[in-house]
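Peer 1: Residue-level listing of the chains:
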Amino acid sequence: MKKLNDIPKENPFLVPDNYFEQMEQEVMAQVHQIQKATHRRRIYTIITAVAAVVALLIAINVWIFSPDNKGQDATLAQEGTTNSGVLLASSEDNDVLSNGIAVPTVEFEEVDFDNVDYQILDYYVDEMSDLEYLY
Amino acid sequence: MEQITDQKILELFGQEKTKEQGFNLLVKKYKQEIYYSIRHLVFSHEDANDISQNVLIKIWRHLDQYRGEAGLKTWIKKICVNESLTFLERKKKMLNIIDEEGYNDYVTKTVAEDRFISSDKIQQLLEEAIQRLPEKQRAVFTLRYYDEMPYEEMTKIFGGSEGGLKASYHFAVQKVEEFLSKH
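Top line first, the protein sequences correspond to chains A and B. Okay, so the first sequence: first residue is 1 according to this note's numbering, each after it adds one. Okay, so the second sequence: first residue is 1 according to this note's numbering, each after it adds one.
If you're looking for bench data, these hints aren't it; they were derived computationally from the structure. Please note: incorrect hints may appear among the correct ones.
To be verified - Calculated pairs, DSS-like style, for lysine-lysine (alpha carbon to alpha carbon, straight line, at most 25 Å):
1) B:Lys136 <-> B:Lys78
2) A:Lys9 <-> B:Lys29
3) B:Lys78 <-> B:Lys93
4) B:Lys73 <-> A:Lys36
5) B:Lys19 <-> B:Lys78
6) B:Lys31 <-> A:Lys36
7) B:Lys182 <-> B:Lys121
8) B:Lys29 <-> B:Lys91
9) B:Lys166 <-> A:Lys9
10) B:Lys182 <-> A:Lys2
11) A:Lys9 <-> B:Lys58
12) B:Lys73 <-> A:Lys9
13) B:Lys121 <-> A:Lys9
14) B:Lys29 <-> A:Lys2
15) A:Lys3 <-> B:Lys182
16) A:Lys9 <-> B:Lys78
17) B:Lys29 <-> B:Lys156
18) B:Lys19 <-> A:Lys2
19) B:Lys91 <-> B:Lys78
20) B:Lys93 <-> B:Lys19
21) B:Lys166 <-> A:Lys3
22) B:Lys73 <-> B:Lys31
23) B:Lys136 <-> A:Lys2
24) B:Lys28 <-> B:Lys17
25) B:Lys91 <-> B:Lys58
26) B:Lys8 <-> B:Lys28
27) A:Lys9 <-> B:Lys175
28) B:Lys28 <-> A:Lys2
29) A:Lys2 <-> B:Lys17
30) B:Lys17 <-> A:Lys9
31) A:Lys36 <-> B:Lys28
Claimed, not checked - If you want a taste of the chain A side facing chain B, the calculated C-beta under 7 Å gives, among others:
32) Lys2
33) Leu4
34) Pro12
35) Phe20
36) Glu24
37) Thr48
The model shown is predicted, which means the values in this text are computed figures rather than measured ones. Idealized CB from N, CA, C, for every residue including glycine.
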């Protein structure tokens, strides 16, 4: 019976020329890629964290310093009239505001209703009935 | 060339600025040992090349977790053995070889057709005998026979007792010698 100890202990395997130098280069190239990806992830994490902090600070600032809109008497119908004649509905009209609806303007003349001629009042009422009222 | 010590490697690897330098030294020192350990288990050069590179990348990712309970060489060999055994398990399923005879035929064919093996017939026969061993027994045999690793170190790779590993090696030698005598 053949004995293992009778056989010379040799390395039976062959490798292509320059295999180990090439293997070393390939592995180090992979390591460089891993390092770059790790570095990019770190930068991204820092930028995201800074952006989140800045956004939070802005939000807090806006919340602290924004005017309280409740109890304002002035309507946007008077304040928001533009030259083009488009206005936003009154801030007291919550249903309209929630819809954000724009309505065409009508130029109103200053009228003293205490001393009005009822014929003229009827005229205005007729005019106003032609307008769309949105609720 | 100055001898690269494990201590030097770990020292350099442990600092962010010199981590890559330390790893490069590790690759220079251990690349051949890693490759041939794996090659003895998986036989094919192409497979050994893939697994070797995977092992080295794994070492790069996990060397900071090395605690020094076993020597650095043993720690590296453990990764080589585990990766190789996992690969062989997957390959066996892929080849769909059900019985021992089918597997032995596959081994004979593979050794005969391989371009990267010595032309020495005795060495080819020995390699064929080794490839016919069950995977874990093959790992025990190659670490003991080629690397001359002490049984105490081998228990850190395989677990179990030194006695169990000695018995496994003894039976592996018997099988190899039986095969060589028949051929």
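Peer 1: If a hint holds in the structure, say so; if it doesn't, say that too.
Peer 2: Against the structure, the hints come out as follows:
1. B:Lys136 <-> B:Lys78: holds, 12 Å
2. A:Lys9 <-> B:Lys29: Holds, at about 22 Å.
3. B:Lys78 <-> B:Lys93: holds, 23 Å
4. B:Lys73 <-> A:Lys36: violated, 28 Å
5. B:Lys19 <-> B:Lys78: Between Lys19 of chain B and Lys78 of chain B the Cα gap is close to 22 Å, so the pair holds against 25 Å.
6. B:Lys31 <-> A:Lys36: holds, 23 Å
7. B:Lys182 <-> B:Lys121: holds, 14 Å
8. B:Lys29 <-> B:Lys91: Cα-Cα ~29 Å, so violated.
9. B:Lys166 <-> A:Lys9: holds, 20 Å
10. B:Lys182 <-> A:Lys2: holds, 9 Å
11. A:Lys9 <-> B:Lys58: violated, 30 Å
12. B:Lys73 <-> A:Lys9: holds, 21 Å
13. B:Lys121 <-> A:Lys9: Distance of about 14 Å is within 25 Å: holds.
14. B:Lys29 <-> A:Lys2: violated, 36 Å
15. A:Lys3 <-> B:Lys182: holds, 12 Å
16. A:Lys9 <-> B:Lys78: The hint holds at about 23 Å.
17. B:Lys29 <-> B:Lys156: Given that 25 Å is the threshold and the Cα spacing comes to 21 Å, the pair holds.
18. B:Lys19 <-> A:Lys2: violated, 49 Å
19. B:Lys91 <-> B:Lys78: Roughly 20 Å between the alpha carbons, so the hint for Lys91 of chain B and Lys78 of chain B holds.
20. B:Lys93 <-> B:Lys19: violated, 39 Å
21. B:Lys166 <-> A:Lys3: At roughly 18 Å apart (the allowed maximum being 25 Å), Lys3 of chain A and Lys166 of chain B satisfy the hint.
22. B:Lys73 <-> B:Lys31: Distance of about 11 Å is within 25 Å: holds.
23. B:Lys136 <-> A:Lys2: holds, 24 Å
24. B:Lys28 <-> B:Lys17: Holds. Lys28 of chain B to Lys17 of chain B sits at ~19 Å (cutoff 25 Å).
25. B:Lys91 <-> B:Lys58: Holds - the C-alpha atoms of Lys58 of chain B and Lys91 of chain B are around 21 Å apart, at most 25 Å.
26. B:Lys8 <-> B:Lys28: holds, 13 Å
27. A:Lys9 <-> B:Lys175: Answer holds: Lys9 of chain A to Lys175 of chain B is near 17 Å, not above 25 Å.
28. B:Lys28 <-> A:Lys2: violated, 38 Å
29. A:Lys2 <-> B:Lys17: Violated, at roughly 55 Å.
30. B:Lys17 <-> A:Lys9: violated, 42 Å
31. A:Lys36 <-> B:Lys28: holds, 22 Å
32. Lys2: holds, 4 Å
33. Leu4: The hint holds - Leu4 of chain A has a Cβ within 7 Å of chain B, the shortest such distance being about 6 Å.
34. Pro12: holds, 4 Å
35. Phe20: holds, 6 Å
36. Glu24: This hint holds: Glu24 of chain A lies near chain B, its Cβ roughly 5 Å from the closest one there, short of 7 Å.
37. Thr48: The hint is violated - Thr48 of chain A has no Cβ within 7 Å of chain B, the shortest such distance being about 22 Å.
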